[in-house]
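Protein chains: 2
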Amino acid sequence: MKLAEIGEFGLIGRLRKAVGENRDVVLGIGDDCAVTEVPAGHRLLTTTDLLIEGIHFRRDWTDLRQLGRKSVSVNVSDLAAMGGTPRHLSLGLGLPPDLTVEDFDHFMNGFLAAAADYQAALIGGDLSRSPGPLVIAVTAQGVVDNSRHVPRSGARPGDAVYLSGTLGDSALALHLLQKGEQPDPSLVRRLHDPEAKVALGEALAAKGLPSAMIDISDGLLADLGHILESSNAGAHIQAAALPLSHPFRRATANDPELLDLAWVGGEDYELLFTVPPDQEALLRTPEFIRLGPLSRIGTIEPPGTGLKIVGRAPAKTGAQGYSHF
Amino acid sequence: MKLAEIGEFGLIGRLRKAVGENRDVVLGIGDDCAVTEVPAGHRLLTTTDLLIEGIHFRRDWTDLRQLGRKSVSVNVSDLAAMGGTPRHLSLGLGLPPDLTVEDFDHFMNGFLAAAADYQAALIGGDLSRSPGPLVIAVTAQGVVDNSRHVPRSGARPGDAVYLSGTLGDSALALHLLQKGEQPDPSLVRRLHDPEAKVALGEALAAKGLPSAMIDISDGLLADLGHILESSNAGAHIQAAALPLSHPFRRATANDPELLDLAWVGGEDYELLFTVPPDQEALLRTPEFIRLGPLSRIGTIEPPGTGLKIVGRAPAKTGAQGYSHF
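Respectively, the protein sequence lines represent chains A and B. Here the first sequence is numbered in this note's numbering, starting from 345 and rising by one per residue. Here the second sequence is numbered in this note's numbering, starting from 345 and rising by one per residue.
Hints were generated in silico from the structure; no laboratory data involved. On a predicted model such as this, the values are computed, not experimentally measured, just so you know. Errors might be hidden in some of the hints.
For identical chains, the list gives no copy identity; a pair is met inside one copy or between any two copies.
As the list claims (entries may be wrong) - List of simulated lysine-lysine pairs, DSBU-like, C-alpha gap at most 35 angstroms:
id: 1; residue 1: Lys346; residue 2: Lys652
id: 2; residue 1: Lys523; residue 2: Lys361
id: 3; residue 1: Lys652; residue 2: Lys523
id: 4; residue 1: Lys551; residue 2: Lys361
id: 5; residue 1: Lys652; residue 2: Lys361
id: 6; residue 1: Lys551; residue 2: Lys523
id: 7; residue 1: Lys361; residue 2: Lys346
id: 8; residue 1: Lys346; residue 2: Lys551
id: 9; residue 1: Lys346; residue 2: Lys523
Turn these sequences into a full structure, and let the hints steer you where they fit.
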């Protein structure tokens, strides 16, 4: 069915039904604004991400359900990087003429399934036509205990640098797709359906462990660079300590240049954080072990140090990750 | 200068400098999320609007400074329609290849000037390339005293229907531009630089006057329809009571069909609200008189009534305003 047959208000009606009632939402989809509560003793976190067809995704490489999931996860990942708890999502969609109602439903099914996974409620947004690309604009709101949010700016010399999960899987999948090859399904999943590390971010912030934190969206080098610049610090990073998945190691064994993707690939959505040395032992307690593997990849150094890589550095040392222009 | 020469982070740096510090913003542009406070005893209002080139605007008809202003005002208008006070803006921009740094600066100058007018702070967003159209995604956040927000759903039979300002000016300007004519500058201003009625919305909500309120973005008939549907009510509207500007009357004198634009044109960004009869006298006190003209255009009736127009109805009575598909 064509979107024009059901119309903007028909689509909004479908969404209202699919979303239902939610905690702390006083007034949800269907009025001029959503009305929500921020619990006492908490601060509000807000983040926005645009996903534009032809720039951030191709419809022939991803299905719309995955795209719906991903458009939630990449935003929620920014909440996780502050130590926040996801609460609300606002969704702007620019819909191209060839998109059908079935496509819209697939996208929304994925979007709402991911929202439910993260316990975040869709509270409103805007639906519009687009003259060309599918446009997805998500704003995510979360909450965090007063003064518990983790900025990028708190890293101090002597702090250890930690990373969750593995690096480069998503960028490798994209690279292979671009070459017309079929990547390992686990790599493709990292690209098309990444998982935001909400539980880890919450646990770290609740314990007040990280002095700085960021999620890896632009690549390790670029995002570590953001921490170093905001914190006015340098760092030593051990190349051998970079966490790499088995499929990534297998695929890069015959082509060592691809190892650079672990440094500059981007879209990993892992958490990169710094921890004062006297707090590191806490990361080896059961609470954190059950939240998945953490790798200690280096240390924060004084500002004059810059960023020093010990071991095999990426070929393009000037590369600063994915730039959007 | 090309945007690629300055890059995403260069642009973000420019914005950080332009924005500066703001009340109740704990952490603004440049981290994973913005961190803000919602004052005790208040609720959070959130609204999102997409503006996409070729659908919502044409770059050859509007300058980018005006477009920056308008992208703030249309969002703030939704806050006003709930009786809210604007606080924060999040901005997603998809920038086409032909857009220069100077264009970007013009847009942002307008955006930040309007934000300052409404005392709203830019707290973050996302900058991206676009393969074609300029894409503007704004999320506005405001606050409102607990339980003072005005929904669409509270209109009751016997309530009077009021409207601020004048109708049809913006749609008439667009119509004349589409015909290749040069409209009166005051009409063009309504189209390209509309003003959100924040002070009026705040004053009405503070006094608890409106039983329902909406801003006119889709046209009087469509937006009144939203109130009637949400409130499960009908209405009588006096055609002769519709507030029309002098330039609108002049331009439509020889072409009465254009009068329909007052009913179905849209983008008026006036406030349409309903008031219980025992509260109407308050609207004639100096506090409200100084906030600009209000017109009493009809009454709310029982649900079975539907929407009855007394006097000259628009030619297309089935027309339900601007639909986005």
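Evaluation of the provided hints:
1. Lys346 with Lys652: Between. Shortest inter-copy distance 32 angstroms satisfies the 35 angstroms Cα cut-off; intra-copy 55 angstroms does not.
2. Lys523 with Lys361: Cα proximity of Lys523 and Lys361: none, with 42 angstroms in one copy and 41 angstroms across.
3. Lys652 with Lys523: within (32 angstroms within a copy, 63 angstroms between copies)
4. Lys551 with Lys361: Cα proximity of Lys551 and Lys361: across copies only (33 angstroms, versus 39 angstroms in one copy).
5. Lys652 with Lys361: Answer is between: at 30 angstroms across copies they meet the 35 angstroms cutoff, but 54 angstroms inside does not.
6. Lys551 with Lys523: For Lys551 and Lys523, neither the intra-copy (44 angstroms) nor the inter-copy (64 angstroms) Cα distance is at most 35 angstroms.
7. Lys361 with Lys346: Cα proximity of Lys361 and Lys346: one copy only (20 angstroms, versus 45 angstroms across).
8. Lys346 with Lys551: neither (51 angstroms within a copy, 45 angstroms between copies)
9. Lys346 with Lys523: both (34 angstroms within a copy, 29 angstroms between copies)
Of the numbered hints listed earlier, those contradicted by the structure are 2, 6 and 8.
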